[in-house]
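Student: So the protein lines, in turn, are chains A, B, C and D.
To convert, note that position 146 of the first sequence is 146 in the UniProt record's numbering; the numbers rise steadily by one, no gaps.
To convert, note that position 373 of the second sequence is 373 in the UniProt record's numbering; the numbers rise steadily by one, no gaps.
To convert, note that position 39 of the third sequence is 39 in the UniProt record's numbering; the numbers rise steadily by one, no gaps.
To convert, note that position 176 of the fourth sequence is 176 in the UniProt record's numbering; the numbers rise steadily by one, no gaps.
What the hints contain is simulated information worked out from the structure, not anything from laboratory work.
Just to be clear, a hint being listed does not mean it is correct.
Per label pair, the in silico range of CB-to-CB distance [claimed, not checked]: (1) A:Pro307 - D:Ala46: 23 to 33 Å; (2) C:Asp156 - D:Gly367: 23 to 33 Å; (3) D:Lys147 - C:Pro317: 41 to 51 Å; (4) C:Arg273 - D:Lys50: 41 to 51 Å; (5) C:Asp156 - D:Asp227: 26 to 36 Å; (6) C:Gln368 - D:Arg182: 25 to 35 Å; (7) B:Gly294 - A:Gly206: 41 to 51 Å; (8) C:Thr2 - A:Pro307: 57 to 67 Å; (9) D:Pro317 - A:Leu208: 27 to 37 Å; (10) C:Arg273 - B:Thr374: 53 to 63 Å; (11) B:Asp31 - D:Pro317: 45 to 55 Å.
Cβ-to-Cβ under 10 Å is the rule here; a few derived chain C residues that face chain A [to be verified]: (12) Leu144; (13) Leu148; (14) Glu285; (15) Ala288; (16) Ala297; (17) Gly298; (18) Phe299; (19) Arg300; (20) Arg301; (21) Ile302; (22) Leu303; (23) Val304; (24) Glu306.
Backbone N, C-alpha and C define an ideal beta-carbon position, used for all residues, glycine too.
Number of protein chains: 4
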Amino acid sequence: MTDEIGVGMVGHAFMGAVHSHAWRNVHRFFDVPLTPRLAVLGGRDATRAKDAATKYGWAAVETDWRALVARDDVQIVDICTPGDTHAEIALAALAAGKHVLCEKPLANTVAEAEAMAAAAEEAATRGVRSMVAFNYRRVPAIALARKLVAEGRIGDIRHVRAVYLQDWLSDPEAPMTWRLRRELAGSGALGDLGAHIVDAAQYVTGDLITGVSGTTETFVRSRPDGDGRAEVTVDDAAVFMARFSSGALGTFEATRYALGRKNAMRLEVNGTRGSLAFDFEAMNELSAYFEDDGPAAGFRRILVTEPDHPYFGAWWPPGHLIGYEHTFTHEVADFLTAIGGGEDPAPGFADGLRVQRVLSAVEESAGQQSAWTTIGDPR
Amino acid sequence: MTDEIGVGMVGHAFMGAVHSHAWRNVHRFFDVPLTPRLAVLGGRDATRAKDAATKYGWAAVETDWRALVARDDVQIVDICTPGDTHAEIALAALAAGKHVLCEKPLANTVAEAEAMAAAAEEAATRGVRSMVAFNYRRVPAIALARKLVAEGRIGDIRHVRAVYLQDWLSDPEAPMTWRLRRELAGSGALGDLGAHIVDAAQYVTGDLITGVSGTTETFVRSRPDGDGRAEVTVDDAAVFMARFSSGALGTFEATRYALGRKNAMRLEVNGTRGSLAFDFEAMNELSAYFEDDGPAAGFRRILVTEPDHPYFGAWWPPGHLIGYEHTFTHEVADFLTAIGGGEDPAPGFADGLRVQRVLSAVEESAGQQSAWTTIGDPR
Amino acid sequence: MTDEIGVGMVGHAFMGAVHSHAWRNVHRFFDVPLTPRLAVLGGRDATRAKDAATKYGWAAVETDWRALVARDDVQIVDICTPGDTHAEIALAALAAGKHVLCEKPLANTVAEAEAMAAAAEEAATRGVRSMVAFNYRRVPAIALARKLVAEGRIGDIRHVRAVYLQDWLSDPEAPMTWRLRRELAGSGALGDLGAHIVDAAQYVTGDLITGVSGTTETFVRSRPDGDGRAEVTVDDAAVFMARFSSGALGTFEATRYALGRKNAMRLEVNGTRGSLAFDFEAMNELSAYFEDDGPAAGFRRILVTEPDHPYFGAWWPPGHLIGYEHTFTHEVADFLTAIGGGEDPAPGFADGLRVQRVLSAVEESAGQQSAWTTIGDPR
Amino acid sequence: MTDEIGVGMVGHAFMGAVHSHAWRNVHRFFDVPLTPRLAVLGGRDATRAKDAATKYGWAAVETDWRALVARDDVQIVDICTPGDTHAEIALAALAAGKHVLCEKPLANTVAEAEAMAAAAEEAATRGVRSMVAFNYRRVPAIALARKLVAEGRIGDIRHVRAVYLQDWLSDPEAPMTWRLRRELAGSGALGDLGAHIVDAAQYVTGDLITGVSGTTETFVRSRPDGDGRAEVTVDDAAVFMARFSSGALGTFEATRYALGRKNAMRLEVNGTRGSLAFDFEAMNELSAYFEDDGPAAGFRRILVTEPDHPYFGAWWPPGHLIGYEHTFTHEVADFLTAIGGGEDPAPGFADGLRVQRVLSAVEESAGQQSAWTTIGDPR
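Please build the complete structure, drawing on both the sequences and the hints.
Tutor: Now the structure itself:
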């Protein structure tokens, strides 16, 4: 057993549950340099936080995140709250010398994200690490896609086609949630789903988006909330076109109204030598086409479950699939490895900021009749 | 055997070959009120036209399309030439009282298309019929999709997602062709491929596009042409966002650079009660999702090969697939039925004009930093 | 235009319709050395035969197949009747010096098939050609599969897995047909569907079945027939295990009760270097796995629509699919090419006999508690 | 937190790893009446057992399974050893009043399985529970399949088609393992893979196999083992035909030589009203066809990830897939629920015995020229 490292996690809803699973199990599968200790769970309601701590295996509870950050038994702060509190918690944690894992989107505004990226850069000089939780990078198929692009097997990229389709708002009477309030969530499908596909597209291509033209829509303007109805103040769907610094052309769509598509995070890349396609609803597969396969060329359905595929060697024999939560175990493994190795993990807050700038440009464009909008500093 | 009707076809390249097959065989499978007689083939080069006439089964040849239009044994003029000659031939044929089937896109400019639509409207008062050859409407799966939407099984449409992906220009050294010259083709992927998905989207949804924001790209600026190189003067790829009169949101992409996608004309529609998805590379299938299927809901892979499916009753037993050229046989069957029944076939030139206006708006938007551009008269 | 060759076709039901289409169109797409003339259609009922001749384009009609065989304007006899008449017609035609194309299964008994194969062998010495109509060999994907095996890309074959699934008898009240009468059809699913997969398996592997163990079932013993019910005297389904001369192990299943499977003629082959999989319901695709593809190995979905794929060069651009009847056009093209070239076409009657022996061994095994039954002369 | 129950697990290879994960996490997701305590891990080599205990989270280690069974802190004995030791350990544990979870196949011989089933039946009268670990029953899609059959939505079953395809022995130089030694493993693909599909087929249909005809093959007779080679004494592949008590016809195949198929445990069921199809390589999906879907009928691709689908409510939102090890978590949850509720879990040892009898009949048939062999007591 390696040295332990104490984790304090703020928030215990969906993301809290899945992060807990990762912290609890990562060292059972990966040779991480540090073994996480589930020290303390942060939640504003003491009773609910205690129940969650028991269920998920956390040793203690704090109702004030500041107290959590301040604890000596916490070396990592894991932020699983809505986006409106990310900046405040992350800045405090980094200042206190705690490594920070922060859920995506990094923040609700570019200004917050810039402050966080600056703080992260400064903290890194003190050996304090930070990472933004774009877990889809840790899908083995997505990681393999990036590898194939990096090896040049796809050639120069010409097209990127990304959609993230869900359907849980299709029903106009689906209830109100914090995800539909701008003050908490920052945006709707754009920030929640669009952030993932923007990051994945930039990650897989190794390229950056330089400009966008977008439009957004709110199909259902109010929803049931308790006895009454509450106004929806975010987008239900967002679509945009993009150009990458290489000259590649991209299309993006994020929606919660694609009936029958449950979690269809899809990415297709077409290059001069090959193409790649991915759909999270078949997350253990990557489709790949290589032009030099000649008369027997065709999209290969690669089952990304071999020992030499990214991450999969830690799990089961080929063909014994893994699921959604594994991406978080991979994420935490990478984070612990970076901390233990004294290196900055990826994606860092700077990467989160880049995504934020793209999302912000989409909103800006949408507000200006879809006028083409460049990304201030695409770095 | 029913009465014969003489056909004169102008052009004998790809479209000419497939139209010939349809004219030759339609009455063997469909109970059409008129039996086509392959009277005359038009082609500027006498030798090549004669060879084509022999190969495809045409009785005579004319090297001047005006002579073809003027012949007494021609009651239908079928226009299979590049877009720059559509208007001239169609106007002459309609004026001469000949029924006209015209390949898509209807014309190279909105002005030409307007003139054609006006002429077609006038000709109809004289019992002269005209149709634009959007053959994908005649894919049984696409026709079934429209039927399901019309029956209300998809509910109100919220999203349309259409791409038409080919890859024959991926190789930068692929040779020059008339399809890459603006003066002949009007536009590139936009008019060739985009026209099909715009028409299919409007046909399946029964709705019209009211505005767009688009951008286009020419990845390879010049191509081998004989001993030298010629400049490519059309778009290689076009992407655009659209809104429909119902409020639905659409994304469209047409490209010839999607390596590995050979003829991936795809359409997905998401509504409040269900969803539909189609891919021409599996053209005998329609995917359909119905929310009221409950816990056993899932995208149904409907093999559209039953006797009670659109058009299929004319062919083989279930599961015995049909192919690309069948869509033209269906098209010709519908055209003959309309002529015989004294009714206007669909899609008429007015429908072709509507598509032209959308394509024109995309180009206009692309030239203005993707600014949102409304469709003048969406009717 | 090449020299004409007169065709007389006996039978005008399903197979007659699709053969007619092939004879009518083959020279429009393939450079065949002889152009078929649709000389005469044979059918016992004069009125129905005349109607069919008009519909399908035949110049004359005979109600006695003997008269058809005897005509001077007939050089090819195409047998599209039920299996009970194949032997008699074929023997007469070959004796009369007419080339013979015979629908499958070659005959209703091994004895008949032996006589036919012997007659064909003798006729070949006189330049008279014969072929059995295993049209699935002419699916481009199946032909490509054989090519890949022959090139050694699959290595040594270890497993063959073949099913042919239809569902048109699932309903116990589906009406009686000649296909369910032993005296006409010889057998049920076994001869109708099983014959195809036995031939396809032997064709693709280039190997022969040496022994089988089988069982058959008749789920529904009588069916509506006019005002009453008629007894079903053939199998509804047949399953069998097989060994090939190479040592490969095979499983086969033919049924008309696989609800939802419309024409699922499937074949999978696993070898020491690769695997192949095919499903007629996606007939333009071949799945192929090559072990030496390394970490990016996966089943390739090859769209078998390239100019350099078998047969496809005669048709449309890549991705523009073909359908069921094209396999007959290919068959007729190959037959005409063999006749014109003075060579024996494949599959010949000897191949049909081999299939017949396998089917017969399955029935023998089924009658003996599935005891393993060797194929007399597997050649 | 509920009362704890001590678990002793014998064996710590592949199955040990995955069972450990289930015991460690089950109560984090399921409301089980008892919380497992990972009390002791059994392994013959003390060092390796200790390493495994540390890695997987077990509190103590025993090198003699008898000592493990005897411990007071062990109430459940989980048997993850090769099949040759199942009977001995299970009988001792049941005699000692310990609940037993036993990996499949239940035993290496019918005689052992009979003794185990008898002991389990007797133990149940004392409140001691036993279960055999057919984890594929706990794939949500498989459980949903059974539910649909039980509800009558498939009608009467006519066909069962089951294969379990792997490829890890395709390479003739893949090394020797205990799984290829008859004295340890009992049989090869038949017991390892065939057991799963026999159980799944009987579970989903709710029906029992009454007779079989089979054949087996060992493609590679010896394999590298240390510096030399060892003889393979089990089957590499087994195929068999089967009949169910309802009259349904089945085909089964188990192999480790299907190159490119990594863990393709597939099951298809055709009934009079519908059909079902499953492939573990897409384990979150069930395909279902319902005849009464009419003209829009097609195989539905049901993503079995809804809250009201079997087991899935314990996990993530729809479309957020689960993987292989989840089936073991479900298994352990069901086992704990049965123990806590004082009920016999399913599948019990009697179910394991039924599967064993089928496998034994296959071997018997294979040894007698595939003669049809009835299952002694199919109950």
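Student: Quick check: does the Cβ-Cβ distance between C:Arg273 and D:Lys50 fall within 41 to 51 Å?
Tutor: holds (43 Å)
Student: Does the closest beta carbon of chain A sit nearer than 10 Å to the beta carbon of C:Phe299?
Tutor: Hint on C:Phe299: holds, closest Cβ of chain A at ~5 Å, below 10 Å.
Student: So, C:Ile302 near chain A? Judge it on the closest CB pair being under 10 Å.
Tutor: Cβ of C:Ile302 sits 4 Å from chain A, so the hint holds.
Student: Do the beta carbons of C:Arg273 and B:Thr374 sit within 53 to 63 Å of each other?
Tutor: holds (59 Å)
Student: Given the hint of 57 to 67 Å, check if C:Thr2 and A:Pro307 actually sit that far apart at their C-beta atoms.
Tutor: Holds, since C:Thr2 and A:Pro307 (Cβ atoms, about 59 Å apart) stay within the stated range.
Student: Going by Cβ atoms only, is C:Ala288 closer than 10 Å to chain A?
Tutor: holds (6 Å)
Student: Should the interface hint for C:Ala297 be scored as holding, given a Cβ-Cβ cut-off of 10 Å against chain A?
Tutor: The hint holds - C:Ala297 has a Cβ within 10 Å of chain A, the shortest such distance being about 7 Å.
Student: Given the range 45 to 55 Å, decide if the beta-carbon distance of B:Asp31 to D:Pro317 lies inside it.
Tutor: Since the Cβ atoms of B:Asp31 and D:Pro317 sit about 52 Å apart, the hinted range of 45 to 55 Å holds.
Student: Minimum Cβ distance from C:Glu285 to chain A below 10 Å?
Tutor: Holds, because the Cβ-Cβ distance from C:Glu285 to chain A comes to roughly 8 Å (cut-off 10 Å).
Student: Verify the interface restraint on C:Leu303: the C-beta must sit less than 10 Å from at least one C-beta of chain A.
Tutor: holds (6 Å)
Student: Verify the interface restraint on C:Glu306: the C-beta must sit less than 10 Å from at least one C-beta of chain A.
Tutor: holds (6 Å)
Student: Return the status of the interface hint for C:Arg301: holds when the least beta-carbon distance to chain A is below 10 Å, violated otherwise.
Tutor: Result: holds, 5 Å to nearest chain A Cβ.
Going down the numbered hints, you'll see the structure goes against none, and every one checks out.
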